[in-house]
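We have chain A already, so just place chain B on it with the hints.
2 protein chains.
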Amino acid sequence: MEKGGKLFHPGLSLDCVIFGFHDNQLKVLLLKMEHTDHWALPGGFVYKDETLEAAATRVLQERTGINDIFLQQFHVFGDPARSDRKYHSNRLKKLGIEAEKDHWLLNRFITVGFYALVEFSHVTPTPDNTSVACEWQHLHNIGNLFMDHRQILDKALETLRQQLNYQPIGYKLLPDKFTMPELQTLYETILGKKLDRRNFQRRMNSYGILRRLKETRKGGAHKAPYLYSFNLRKYQQALLEGLQGGW
Amino acid sequence: MEKGGKLFHPGLSLDCVIFGFHDNQLKVLLLKMEHTDHWALPGGFVYKDETLEAAATRVLQERTGINDIFLQQFHVFGDPARSDRKYHSNRLKKLGIEAEKDHWLLNRFITVGFYALVEFSHVTPTPDNTSVACEWQHLHNIGNLFMDHRQILDKALETLRQQLNYQPIGYKLLPDKFTMPELQTLYETILGKKLDRRNFQRRMNSYGILRRLKETRKGGAHKAPYLYSFNLRKYQQALLEGLQGGW
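Chains A and B supply the protein sequences, listed in that same order.
Under the UniProt record's numbering, residues 1 to 247 are what the first sequence spells out, in order.
Under the UniProt record's numbering, residues 1 to 247 are what the second sequence spells out, in order.
The following block holds chain A by itself, in its conformation from the complex (with noise of 0.2 Å):
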C-alpha cells in the first residue's frame, strides 16, 4: 500500500470480469468488499516489468485459483471522474497510513478491463485483501457495483455478444459434456433474447462444431437429453471464419 507507488506502473489498473456457467445461469465473480455494502469486480495493479496480459493472470488466478485461463482484453476505460479518491482516502486512513495529497492511489487511474472464461466447477472463489467475500453472482441480479464496475461488465457483455461466433465461447464455459437446452441458454443470456428451440439446434448443426454422444443427462422430469460436446478441431477451424460462415 505504501511502496505502490514504487512498484506498479503509475495510474494504471486492471479490472477482470470472469463469467462462468452453472446451473443453466451466467455468473460473475465478484467480490465484497471491505467496511462497504459495494460488490466490485475482482481487478489489480500492474508491475512496472510486467505485461498487461502477465498482470491479468496473475489476477485471475489468485481469485480462481486456475491457472491456464481463457482471457481477452476487451476495453480500457479512463474516464477522468471514475477513480473514487474519497473511498481509497477512507481506506488509508483505516489502515493508518498518512497520504498525502499525491499518495499514488489518490491519483487517477485508468484501467484495463479484462473478459475471461472459466469452467464453474474449476474455481475456488478465494477473496483479496481488500474484500471479505468472492462470490459468483447470477447475472441476472447483479445491481450496481463500485465505481464504473457495472459499466465494465456490460460493456464485457457486449463484447461476448460480438464475438460469439469468433471465441470458443460455448467451449470455454461449458463442461466437457452439455446438453442442447444448456448450450441454448448460454446463448440466450450472451444475446439477451430467447431464440426458437428448432432453429437453434438445427443452426448449431449445421456448424458442424458438435458431437452428439451416446449418453444422455439422466434425472429430470422431461425426457432425459442426449449430451453433445464439442469438436475442438471443427470449432476452432469454424472461428476462423466466423461461425456463420465467411466471405
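You may find that some hints are simply not true.
[To be verified] Simulated crosslink set (EDC-like; lysine to aspartate or glutamate; CA at most 16 Å straight-line):
1) B:Lys-6 / A:Asp-102
2) A:Lys-193 / B:Glu-34
3) B:Lys-48 / A:Asp-79
4) B:Lys-194 / A:Glu-241
5) B:Lys-193 / A:Glu-241
6) B:Lys-93 / B:Glu-34
7) A:Lys-93 / A:Glu-2
8) B:Lys-177 / B:Asp-23
9) A:Lys-194 / B:Glu-241
Keep in mind the hints are simulated off the structure, nothing from the lab.
What follows is chain B alone, placed relative to chain A:
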C-alpha cells in the same frame, strides 16, 4: 517537452491508425519522423483531465483537419519492452534538454490504439512537431514502422476484419457514391483475399443496405459501372444484428 510530466497522465500514450480509401487502395496516414528514416503512426499523450476519446479526437483533428471523425479504441499495447528510450533520450539531447534518468518521456509507456475511418478527400495531412512529413501510404507498401507501430497497424486491420459486419466501415471509408467493384476491392483489402464478383454482388444486395443510383461512373475503358450509395438507415439497422443476420 519539459512540462509533460505535469500535464499528461503518466506512462500513457495513444496511437491512431487512420484508414482512408482512394484510387481503389486502402491507405494509412503515416508520419515521417525527424532525424530518422522511420515512419510512425500519429499519436500523442492524454492530458490529466482529458478522456481517452477526447485525446484521440484531438490528435486526429490535428493530423487530418477533420473534426467529426469515426474512431474506435481497439487494443492496449503494454509490453514493458515496447518503449524506445534511446530514441527519446537522443531527441531530448538534440532539443538541448538535460534529461534525468527519470524524465517523464523515458519511463515505460503503454499505448491505447484507436482506429479511425475517414473519407480520403476530406483530409489535409499535417505533420506534428516530431515529424517532417505526413502522408498517405498504400497498405501493401507499408513495411516496418517505428517501435511496435507495425504490430498496432496489424491489430487494427484484424479488428476491422472482425467488425466488418458490425461497424459502418464501408460507409465511413467510401465517398457518397461508389461502384460495386470499389466496394468489393475495399472488402478484399480488409479481408486479405480475392472474392468472387457475382457472389459478392448478390450477398451485398441481399442485405438491403445499398441503393443503386441512375448514374454510372464514366471514363473507364469498360462499360460504365453503376454508382451506388448506402441506405444509411437500413445499414445501421442491419449492423445492430450483424450484417449476416443475427440469431
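Okay, the hints, checked on the actual structure:
1. B:Lys-6 / A:Asp-102: Since the Cα atoms of Lys-6 (chain B) and Asp-102 (chain A) sit roughly 12 Å apart, the hinted pair holds (cutoff 16 Å).
2. A:Lys-193 / B:Glu-34: Not satisfied, since the Cα-Cα distance of roughly 54 Å exceeds 16 Å.
3. B:Lys-48 / A:Asp-79: 10 Å, holds
4. B:Lys-194 / A:Glu-241: 14 Å, holds
5. B:Lys-193 / A:Glu-241: 12 Å, holds
6. B:Lys-93 / B:Glu-34: Holds, because 14 Å separates the two Cα atoms, which is no more than 16 Å.
7. A:Lys-93 / A:Glu-2: 12 Å, holds
8. B:Lys-177 / B:Asp-23: 14 Å, holds
9. A:Lys-194 / B:Glu-241: 14 Å, holds
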